[in-house]
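S.K.: Residue numbers (the working numbering), protein chains in the order written: chain A, 1 to 349; chain B, 1 to 349; chain C, 1 to 349; chain D, 1 to 349.
Any given hint could be a false lead.
Stated by the list, open to error - Short derived list, chain B residues pointing at chain A, Cβ under 7 Å:
(1) Glu245
(2) Val247
(3) Gly292
Unchecked claim - To give an idea of the chain D side of the interface with chain B (calculated C-beta under 10 Å), a few residues:
(4) Gly83
(5) Glu136
(6) Thr139
(7) Glu143
Hint data in this document are derived by calculation from the structure and do not stem from the laboratory.
Just so you know, these numbers come straight off a predicted model, no measurement behind them.
All C-beta atoms, glycine included, are put in the ideal place defined by N, C-alpha and C.
4 protein chains.
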Amino acid sequence: MDQRNLMRTDLIDEVTEVVQHRTEKEKDTLYETPGIQMNEERKGRVHITHIETDASGAETIGKKAGTYITLSVPTLTAEDNDGFNELEKQFISSLQDIHRQIKLSPQSKVLVIGLGNRTITPDAIGPLAIDLFHEEMFTMPIEFGHLVFYAPGVTGQTGLETGEFVKAIAERVQPDLILVIDALAARNQDRLCKTVQITNTGIHPGSGVGNSRNEISFESLGVPVTAIGVPMVVDAPVLIVEAIETVFKVISSQITETARPSSALSVGPWLRSSDEPINVEAIKPIFGEWSGWSTNEIRGLLQEVLPPHHQQLFVTPKETDAWVIRHAELIQTSVLKWLQDDVFGSTAH
Amino acid sequence: MDQRNLMRTDLIDEVTEVVQHRTEKEKDTLYETPGIQMNEERKGRVHITHIETDASGAETIGKKAGTYITLSVPTLTAEDNDGFNELEKQFISSLQDIHRQIKLSPQSKVLVIGLGNRTITPDAIGPLAIDLFHEEMFTMPIEFGHLVFYAPGVTGQTGLETGEFVKAIAERVQPDLILVIDALAARNQDRLCKTVQITNTGIHPGSGVGNSRNEISFESLGVPVTAIGVPMVVDAPVLIVEAIETVFKVISSQITETARPSSALSVGPWLRSSDEPINVEAIKPIFGEWSGWSTNEIRGLLQEVLPPHHQQLFVTPKETDAWVIRHAELIQTSVLKWLQDDVFGSTAH
Amino acid sequence: MDQRNLMRTDLIDEVTEVVQHRTEKEKDTLYETPGIQMNEERKGRVHITHIETDASGAETIGKKAGTYITLSVPTLTAEDNDGFNELEKQFISSLQDIHRQIKLSPQSKVLVIGLGNRTITPDAIGPLAIDLFHEEMFTMPIEFGHLVFYAPGVTGQTGLETGEFVKAIAERVQPDLILVIDALAARNQDRLCKTVQITNTGIHPGSGVGNSRNEISFESLGVPVTAIGVPMVVDAPVLIVEAIETVFKVISSQITETARPSSALSVGPWLRSSDEPINVEAIKPIFGEWSGWSTNEIRGLLQEVLPPHHQQLFVTPKETDAWVIRHAELIQTSVLKWLQDDVFGSTAH
Amino acid sequence: MDQRNLMRTDLIDEVTEVVQHRTEKEKDTLYETPGIQMNEERKGRVHITHIETDASGAETIGKKAGTYITLSVPTLTAEDNDGFNELEKQFISSLQDIHRQIKLSPQSKVLVIGLGNRTITPDAIGPLAIDLFHEEMFTMPIEFGHLVFYAPGVTGQTGLETGEFVKAIAERVQPDLILVIDALAARNQDRLCKTVQITNTGIHPGSGVGNSRNEISFESLGVPVTAIGVPMVVDAPVLIVEAIETVFKVISSQITETARPSSALSVGPWLRSSDEPINVEAIKPIFGEWSGWSTNEIRGLLQEVLPPHHQQLFVTPKETDAWVIRHAELIQTSVLKWLQDDVFGSTAH
């Protein structure tokens with residue numbers, strides 16, 4: 001997990017501009033925004049968002065240009081075998097989708113990197129997925145040396161930047177594709193453990209692109225990089241700001257009694273609270289000037305007032321230990337099935 | 001951890017009435033409050049609060065009558081060997097203190113119970129402490145059968161109420177003392193992992209006393225019960241309410257420019273934000289009517305407005321995995337040293 | 001695992017008298033041995049041995065009277081999903097079989113005990129199986145209190161005899177059936193991790209029956225007890241004696257060139273080396289008088305000569321960690337399916 | 001652990017020629033053997049063997065030329081704090097000793113590699129030691145990038161030879177010294193978990209030197225490599241051959257009633273059974289021709305006769321889980337203390 005700033009989200013679905021595109025009023029203009037193409041569909045219980053951005057769109061939303069596929073099962077639980085089976089099916093299909101432009105053959109080499117800290121439960125998805133590859137190595141019908149995987153640990157923990165580690169291994173292995181598995185931070189606690197994000201833009205923790213020693217991307221390595229992530233934590237200050245804004249929005253909406261017709265196309269409760277602008281005048285008596293502030297202003301006040309311990313807090317679901325294992329299995333199984341069926345499986349491909 | 005209600009705290013130090021005793025204005029009346037005796041002292045880096053309540057005091061604060069000793073090291077970190085050593089010293093001394101009235105001898109039997117769920121990291125302190133007893137059993141100079149310990153798992157998980165489990169074992173072992181180790185919930189995130197609470201009132205999850213099938217106490221078992229707990233989580237709604245109230249208090253205090261003279265006796269930043277009543281009139285323009293609401297009213301609004309997922313969220317420090325191991329070791333070592341030196345060690349005692 | 005004596009085996013299939021019944025020459029008399037009834041069959045890859053002994057048979061073989069069902073897949077590996085699926089099917093069927101005489105209904109209470117030491121890998125099957133029950137408790141459609149499970153740890157480790165622990169819980173729960181899961185010791189390393197033994201004779205570590213404080217049986221508790229065990233270790237001295245005898249037997253058999261016709265009914269290589277008595281005269285020049293000694297005499301010599309460290313050695317398969325998890329899952333799944341389908345599942349039963 | 005051949009030992013102390021040097025009769029010629037220099041001393045409870053071989057000596061014993069330091073505490077147990085403290089002291093001193101010729105300064109870079117398979121308990125020492133480095137990274141007063149550590153997993157498991165992995169990282173880090181931590185195989189079960197071997201010859205699993213893709217050595221990497229190993233397993237066939245030979249030797253010795261004077265210089269029971277040649281004529285009536293066979297011949301017979309399962313068996317102490325943690329801690333602590341005090345600690349060095 002990257003630790004950039006107070007309001008961080010690693011999910012493109014939560015980027016403000018993307019979310020606001022989906023409000024009722026703006027819905028029509030969605031496909032006209034320059035540089036951003038977005039498709040939403042639902043297969044079974046899985047919501048699929050497919051976003052393509054070019055350079056101009058990337059600048060607008062502050063994310064890197066490329067493809068982002070988001071799979072979500074809002075009703076998923078850690079014991080939900082059925083939900084995970086549906087996710088796996090769409091996951092494999094998304095891996096096919098996002099790698100369509102990359103030439104892979106049984107002679108290809110694929111390097112899989114599991115990022116994260118094995119000793120911090122919600123950050124252990126990457127290392128655990130790599131453990132699962134280890135366990136199955138001898139039963140995989142993949143020729144030795146064509147699938148290589150490592151869990152390098154956390155930058156700063158091992159004395160070598162993660163990006164440097166991947167560069168070292170990539171130079172020796174000369175892979176045709178790098179897959180990076182990582183735990184993500186979300187802004188909205190509803191997302192936690194219920195979403196998988198797949199992107200061909202790689203991992204680039206710092207603000208810049210292509211210049212960080214921790215970046216793992218086509219730009220930094222010269223090899224296509226696909227990043228697979230699951231949101232596992234919300235930072236405590238993020239949760240608090242989100243909660244306060246939710247209070248303002250819900251009360252505002254109740255007061256103005258907007259008769260919002262529910263739409264069959266709506267991706268539903270996940271976006272509910274974002275749909276309407278807050279009617280500040282209506283709620284000011286209750287919540288004061290504050291309710292008209294921007295997210296950034298509220299965040300600034302909290303940063304000033306709350307003790308620094310807050311920055312060190314994670315908000316996680318109670319069953320984090322179970323979720324982490326479940327998602328490590330989902331990712332390892334989906335990646336392996338895709339590799340066996342579509343890449344290494346047959347010379348016919 | 002008990003899951004009573006939204007604003008739960010398992011720490012007597014966080015009970016409103018106790019906290020308010022410590023505000024500047026009320027400081028004088030502290031030792032006069034009927035039914036509550038409170039002593040605060042500081043030894044090295046350890047803050048020690050010793051509270052005795054009788055039936056009337058217990059009613060006032062909504063906690064059971066008895067002795068509560070709270071040890072806190074506000075600057076503690078998970079790697080802080082020095083801090084844990086100081087804690088251990090005071091811990092052993094507190095165990096001597098709280099058991100002074102109980103007749104124990106080398107012929108005594110002591111039953112140690114580690115509560116909690118081994119598969120949820122912040123709840124695993126009890127089971128991990130019991131694992132440590134297991135590992136050292138054969139090197140302990142304690143006669144077989146005089147020290148008995150179990151980690152029964154979580155009520156509901158094993159098909160038997162925890163209290164019923166302890167009753168079954170206690171009937172067979174006939175112990176002279178029962179020690180119960182458990183993870184606690186705190187209201188204030190500053191407390192997390194930095195406090196140990198020792199009380200002779202036992203564990204009584206339900207509101208009533210003596211009638212719950214999960215209660216583990218002298219009343220339910222006829223054996224003295226000492227409960228040892230460490231606050232490991234804050235519930236997400238508790239964190240949010242606390243953060244909102246902190247904002248109101250800090251801004252109110254800044255506006256009214258109270259020149260609060262810092263006192264050498266003050267337990268310091270831990271109580272800072274509680275010291276002054278909020279000047280509602282001063283902050284109402286910014287925060288609205290809301291700022292004058294009681295904690296219960298703010299809580300009620302959040303309960304109504306926030307999605308139910310919030311109830312399932314834990315707020316924990318990032319290094320929870322490390323803290324849990326550290327505290328399990330602290331408790332096991334302190335209890336074992338106390339038992340060896342003061343109970344089983346010598347017939348001279 | 002019980003630690004009775006140097007040549008211990010917990011598997012009835014390895015009891016000398018039972019093994020010898022199966023030699024070619026004695027095959028006919030098998031079903032006539034007073035007090036022992038033995039059936040062998042093969043379903044798919046699973047070898048099933050069903051042994052019934054009465055008091056006289058029990059005395060002959062030095063095991064307790066009752067039913068013993070042994071399921072074996074000689075070609076099983078830790079990654080062998082197919083083999084474990086076949087085992088599970090026969091396991092559930094054997095649980096139905098062995099409980100046919102016990103009246104169970106949806107109102108019954110079943111107590112499951114996982115014996116063993118969580119911190120010694122090959123001994124952790126019992127505790128791990130209980131962990132799996134914990135994880136699934138809230139998704140099991142079994143009414144609270146009807147399925148109760150515990151992993152009490154190892155006698156001597158917890159300060160209470162295991163038998164006493166089970167007695168305490170059983171008195172409170174009043175179960176209609178107790179299932180005990182444990183790791184076993186085998187004599188033959190071929191058996192390791194490839195066999196499951198189910199018996200209604202319970203667990204009785206001491207030599208006597210009904211009088212040990214560690215016994216868990218109908219006699220000691222007044223409740224039917226079914227013991228489920230998997231051989232996980234061979235003691236080092238047992239392995240050595242077995243290896244020496246195998247050398248004698250194989251060479252003897254090669255020298256005497258017995259034309260042993262392979263039989264379609266034979267359970268195969270598992271019994272191969274036992275089939276022929278050693279031709280001592282033929283091998284004496286090579287192996288000396290020694291080759292005519294009894295197992296007990298060879299064992300006695302080794303006990304005298306080998307350093308005591310040998311007694312503290314375990315012989316285990318390299319992949320013990322994987323096997324232990326696999327078998328804990330097999331047992332937990334099979335027991336749960338049987339309980340849901342045949343006991344708690346329907347009031348129609 | 002390397003898996004070269006049936007009679008493998010990774011301990012130079014067990015190499016036949018070294019052991020035989022120490023028999024009474026040959027003791028005098030010990031220091032005259034061309035190419036081998038051996039010193040034995042005892043500090044407190046720790047036996048220290050220091051062996052230097054040049055090319056000719058290396059050929060004689062079939063090990064690589066260089067320095068081998070062996071630290072042993074024959075009476076060590078897993079709970080023996082005192083023994084581990086003594087070991088640590090000698091360990092640090094041996095690290096100083098073996099690196100005396102290598103120029104290291106606070107500007108040096110050191111790469112630490114923990115070999116082995118995290119999911120096989122007795123093979124997990126390397127990965128566990130690396131985990132301990134991770135946990136302490138942020139509290140170590142070592143400048144970022146000067147201490148780099150990885151646990152690459154097992155060759156074949158990750159799709160890249162271990163040697164290739166180390167080469168890739170070494171090329172990027174450009175270390176001045178590489179430390180490799182690994183579990184070893186022993187021939188004699190007395191050694192298990194009670195010995196640490198430190199050598200500057202590196203790791204070279206194959207028979208050749210400098211040409212294996214798995215070798216980790218100065219020859220293969222151009223950087224000094226120090227290998228640190230603890231014997232954790234004996235292969236089952238090795239244990240059996242050793243046991244049979246011990247029987248022959250002990251009985252032979254009893255029959256010939258050799259009055260062996262115990263020597264103050266003797267390293268004692270660890271070598272007892274090797275001291276006298278077997279009197280084959282005396283024991284032939286009991287044990288036959290067999291007793292005159294060479295180790296290789298006995299081994300060959302066992303290989304032919306015993307079922308292949310034996311090759312997959314590990315012989316380990318019962319408390320392997322505890323030993324592994326203990327030794328990972330010993331190694332990590334000793335290495336870190338040495339690095340802080342002697343390498344990174346002061347610019348005065």
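S.K.: Take the hints in turn and mark each one as holding or not.
M.R.: We went through each hint and held it up to the structure:
1. About 11 Å separates the beta-carbon of B/Glu245 from the nearest beta-carbon of chain A, more than 7 Å, and the hint is not met.
2. Because the smallest distance between the Cβ of B/Val247 and any Cβ of chain A comes to about 5 Å, under 7 Å, the interface hint for this residue holds.
3. With a least beta-carbon distance of about 11 Å to chain A, the hint placing B/Gly292 at the interface is violated under the 7 Å criterion.
4. With 10 Å as the threshold, the beta carbon of D/Gly83 stays out of range of chain B, its nearest partner Cβ sitting at about 13 Å, so the hint is violated.
5. Interface hint at D/Glu136: satisfied, since its Cβ lies 7 Å from the closest Cβ of chain B, which is below the 10 Å cut-off.
6. Restraint check, D/Thr139 versus chain B: the minimum CB separation of about 5 Å is within 10 Å; hint holds.
7. Because the closest C-beta pair between D/Glu143 and chain B is about 18 Å apart, greater than 10 Å, the hint is violated.
In summary, the structure is inconsistent with hints 1, 3, 4, 7 from the numbered list given earlier, while agreeing with the others.
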